[in-house]
Amino acid sequence: MRRVLPYLLTTVITLSYICPVEAQIAGDSYFQLEKDKKQIQINTLFKDNIGYLYAGTDNGLYKFDGEKYTRIDFTNTEFNDTVTAIYQDRKGLLWVGFNSGRIANVENNKLLYINPEEGTPQRKITAFLQDKEDNLWFSTQGEGIYCLKKNILYVIDVEDGLSDGSVNSMAITDNGYIIAGTDQGLNICSFKNGQKKISIIGPADGLPDYIVTAMVSAGNNMFWIGLQENGFCLFDFNSKKVLVPEVSKHWEHGQINSMLLAQNILWVATQGNGFYKYVLNGNVLEKAPDNIFDKTINSMIEDMQGNIWLSAHPYGLIRTHGESLKLTPIPSSPPFEHIHVVLGDKDGSTWISNKENELIKLTTKNNITKERKLKLAGVSEKTDITSLYQDVNGNIWVGLIGKGIYIVDPFTFKYRIFKENSLFINSTILSITGNKNNVYVSSLVGLMVIEITAENTDINTLCRFTNYDNVSTGTNYIYNIFKDSKDRIWFATDGNGLTMLKGNHFTYYNDREKIKDNRIYSVAEDRNGNIWFSTASAGIYKFDGKTFTNYGVNEGLSDLKLSVLKIDPSGNIIIVHKKGLDILDPVTGDISYVGGSQGISNINVEDLGAISTDTSGNIMVSTEKGILTYSFPEHSLQKPTALIESIKLFLTDLGNRTSNIFEHDENNFTFSYTGLYYSDPEKVYYRYTLEGFDNNWIYTTDRSKNFPKLGPGVYKFRIQASLNKNFSNASEDSYSFTIKQAVYKTWWFLLGCAVILISLIYLYVKHRERELKRFQTLKQEKIHFQFEMLRSQINPHFLFNSFNTLISTIEDEPHLAAEYAEQLSDFFRNIVNQRDKDAISLAEEIETLNSYAFLQKKRYGDSLRVEINISEEEKKKYKIPPLSLQLLMENAIKHNALSEVNPLIINISIADDAYLCIKNNINHKNKKQTGAGMGLQNIVTRYDLLTNKPVRILHDDHLFTVLLPLLK
Amino acid sequence: MSQNLFKLCFVFLVSFHGSVTAQNIYGTEDGSIQFHSDAPLELITAACKEMKGKVDLDKKIFAFSVKISAFTGFNSPLQREHFNENYMESTQYPYAFFSGKIIEDIDYSIDGTYTLRAKGKLSVHGVVRERIIKNEVVVKNGVISIRSKFTVFLADHDIAIPKIVYEKLASEINVEIKADLLKQ
Chain P
526 MRRVLPYLLT TVITLSYICP VEAQIAGDSY FQLEKDKKQI QINTLFKDNI
576 GYLYAGTDNG LYKFDGEKYT RIDFTNTEFN DTVTAIYQDR KGLLWVGFNS
626 GRIANVENNK LLYINPEEGT PQRKITAFLQ DKEDNLWFST QGEGIYCLKK
676 NILYVIDVED GLSDGSVNSM AITDNGYIIA GTDQGLNICS FKNGQKKISI
726 IGPADGLPDY IVTAMVSAGN NMFWIGLQEN GFCLFDFNSK KVLVPEVSKH
776 WEHGQINSML LAQNILWVAT QGNGFYKYVL NGNVLEKAPD NIFDKTINSM
826 IEDMQGNIWL SAHPYGLIRT HGESLKLTPI PSSPPFEHIH VVLGDKDGST
876 WISNKENELI KLTTKNNITK ERKLKLAGVS EKTDITSLYQ DVNGNIWVGL
926 IGKGIYIVDP FTFKYRIFKE NSLFINSTIL SITGNKNNVY VSSLVGLMVI
976 EITAENTDIN TLCRFTNYDN VSTGTNYIYN IFKDSKDRIW FATDGNGLTM
1026 LKGNHFTYYN DREKIKDNRI YSVAEDRNGN IWFSTASAGI YKFDGKTFTN
1076 YGVNEGLSDL KLSVLKIDPS GNIIIVHKKG LDILDPVTGD ISYVGGSQGI
1126 SNINVEDLGA ISTDTSGNIM VSTEKGILTY SFPEHSLQKP TALIESIKLF
1176 LTDLGNRTSN IFEHDENNFT FSYTGLYYSD PEKVYYRYTL EGFDNNWIYT
1226 TDRSKNFPKL GPGVYKFRIQ ASLNKNFSNA SEDSYSFTIK QAVYKTWWFL
1276 LGCAVILISL IYLYVKHRER ELKRFQTLKQ EKIHFQFEML RSQINPHFLF
1326 NSFNTLISTI EDEPHLAAEY AEQLSDFFRN IVNQRDKDAI SLAEEIETLN
1376 SYAFLQKKRY GDSLRVEINI SEEEKKKYKI PPLSLQLLME NAIKHNALSE
1426 VNPLIINISI ADDAYLCIKN NINHKNKKQT GAGMGLQNIV TRYDLLTNKP
1476 VRILHDDHLF TVLLPLLK
Chain Z
688 MSQNLFKLCF VFLVSFHGSV TAQNIYGTED GSIQFHSDAP LELITAACKE
738 MKGKVDLDKK IFAFSVKISA FTGFNSPLQR EHFNENYMES TQYPYAFFSG
788 KIIEDIDYSI DGTYTLRAKG KLSVHGVVRE RIIKNEVVVK NGVISIRSKF
838 TVFLADHDIA IPKIVYEKLA SEINVEIKAD LLKQ
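Residue numbers (our numbering), protein chains in the order written: chain P, 526 to 1493; chain Z, 688 to 871.
Everything labelled a hint here was simulated from the structure, so no lab data went into it.
Here are the in silico distance ranges between beta carbons for each label pair: (1) Glu1207(P) with Ala847(Z): 31 to 39 Å; (2) Arg615(P) with Gly829(Z): 56 to 64 Å; (3) Ile851(Z) with Lys900(P): 52 to 60 Å; (4) Trp1222(P) with Glu817(Z): 50 to 58 Å; (5) Glu823(Z) with Glu684(P): 28 to 36 Å; (6) Asp1227(P) with Ile851(Z): 41 to 49 Å; (7) Glu817(Z) with Glu684(P): 16 to 24 Å.
Note that CB positions come from ideal geometry on N, CA and C, so glycine has one too.
Build out the structure end to end from the sequences listed, making use of the hints.
Here it is as structure tokens:
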């Protein structure tokens, strides 16, 4: 039970991790696309110039980053359409064709239908093309092909001579001819100077079928043609000849839906029969793996990492490893942990051992692996095979525990025990390696170098050998012997570091200060002559003859423990560990990784012999699922591509904003980024920095970062993606932007404010100065007036007259005398009380006037009449400078002759609600009074100081009118 | 969509009847169509001998239709009811159609056996799918006999199978057609 429990747990965890979206079958990964629990059908796949994958589906367009799908909506979110074709023109604009016949562009990550003046097709769009003149071509299922030439849409259809309106695929020749694959053969079209020309290649010209379903350029004006019924063929445009490969002559695999040319293979996707690999160099057709065999595959695409993606309904996208990973199943399926050795031989066969320590030769042909077993006499379950080696003559050397060495003929399976060196009979062999004509054997009894000649092709011919004793290498436990290009022999020892033999001289590299772990597992040499070796626990080392350079987790290794080194055909250092392979580029130091998500896991690294290279140098390892062969995919990018996917300002996409200058309050940025790595997106690490904000690199696995409240400044967001902690050669994307200073913090704004403030203070000071001056003048005027007034009031003439009048009154009408004296007293009191004030109420003024009029009337009797037409209300409402009326009456009396016949009539009324109108009739005295106008001038001056309204004086032959503005 | 197609086919069929000038029109009123569902627990077979169709040999176009409710031969009357009401919804979608064009060029004036492909739109249960169907054609004494076998995937035509009958109804239905076309 204790043994079972971890297994059970692992199973449960694994299941919960895998389901339901991603399920793995033999290294292929499934990525389903669901909507409302229903699988969405993927019709077409596309890779843009950055390397991003797109899926055209029954539910519109999706972007796919290797992990998840992101829908690209229409600008009008209510629209939906079935995508049937995707294309990117040379300017980078994405074109999307739909089942409805409509066409859209992707702008600002949104789909936007285009509406040509001529209308859009009504039938499914099947393909796009751009010719050298930048004209855009698209084909339809029923309406022929269209050409968008300088914004005018032209059509080439059955009426122009097209053999059929259903065009399923298109290709373009080097000289600009469009080849249309139709339901009635190939149509070669040209459209130059308004002339449409069409020639037809059909069954009569050797095409094996009427219906052309797919087409892909093979270069040199040659095209692979996929057919509905009869497989595929090669069309040579120059000679107009059709070549049918042997494997397609009796095609029984159904309709070809799609073709892809990648990794020297023509990948052929079929309707209901999975996909086939047509190896171009070998004229061999290989069947798809069993799990894909009966599927209908609509479309295929190769990603940047060399994986081949298939779309199959209802499975969604399926990732296969292309040619980089091949799994050789073992028919007898021996338990994985008992396979101690793996060897890829010169003929492409694989040799392994099983639990019983039988030797098994696996040969794969047409995707079927056959095995042949060899039971070596004397070998049992207990005498493990520790090493296999194929010598220069092709014979297989087998090293065993306690049973020495066997030599096996790979074809006849005849064998013999190596008995030449008696020391090695029944010895325990640790490692057998070799180089050209040498075979190196390390054992618990010492080392041996065997020389192989052509005579040794017969296994029974005895070999020459040289022994080295244990003392010379410092230990008798040697994992690996390696001879480099300078004929130096390197010994990887268990506990005594690296030992090098040159001529007869041994050099020991076991300084613990230089090499942290002296248990060396394997040694390899790169193209530049550097020696690389792996250690039991301290990662790997490079030795350039002088210094040792350590590569560990920080340099990008996935695992420090138990690793084996191999050099692949491209010169990469392949480091095999339990979880997968690290691929180190010795020139750049880049390390990429192939592991779990590619189906490699649980590699047997404990048995160093279980890691091998085949004759092409491809790495072979034994895994749970069989023998895995890995070859570094050509023309592929084994590192992630960093890409800023969206920039959001306050959680809203920047959209079509082109300026990267922002206002001071546009300061909340969210960057979403990805590191496109389709082989294993989860393995991608990121680091970012925002220059101008923080110059440190932040390491993360998050795919977005928010910067709230950025201050004004110049910034650059940089994002790098790597498969490990080593970012020295990582791909980078960046976005530079500027946040402007707030207006109220800019120098010109502050300067402006200062100028305005200073001006305001200046104006205020000026204004106040003027006010003070005016106040001063008013005060002076008042003093002057008071003086004038007092002077006029104590005018002796007036006083004498008043007194005389009083005396005569006392004599004639003594009962009125007291009243007269009272009025006189009132009058003088009013003058004294009111003289200091600027303005008094009209009522008070009229009271004073009445007192004065009373005094004057005593003197002049009926010759003087005063009429006041002012209501009590108005008297309270308005104000007037004191003694104005009295002064005017005094003036009137002074300047006119008063008589009973021509009395002086003074009329006071309010005019227009704004003026006090004082009128008197004119009755000139014979003798002109001097000093005229002094009193009047005084009134005018006082009014000037009090109000803007002027005092108006109207003067004609009969009436003298003064209009005094009323104050409120 | 299915309504439009129905009208279209109808017009197509009628226009064949009406046209006087057309020379090379062949047709049938009693073509036979048979299907069988080979599910683990039950084999269902039904047939209908009322398939109508026209072929214009000059224009290389054709149209066939069959009335869903005319199928007989089910294992039980209840099964037929289920077929019509639950799966095919024959009141809503009374006909199945196939119309389109003929790919291969054949000289029908010479007696012999030929294979040709018919590419067109197959409408079942109101869902239209583009299909290429391969036929064996025998021309003999002015009669064109066609035989064809093809598969209809229920999922393609939005025909949902209840879980309970999953073992009794195959997801792929094999269809076989036989018809003798006579000159009209």
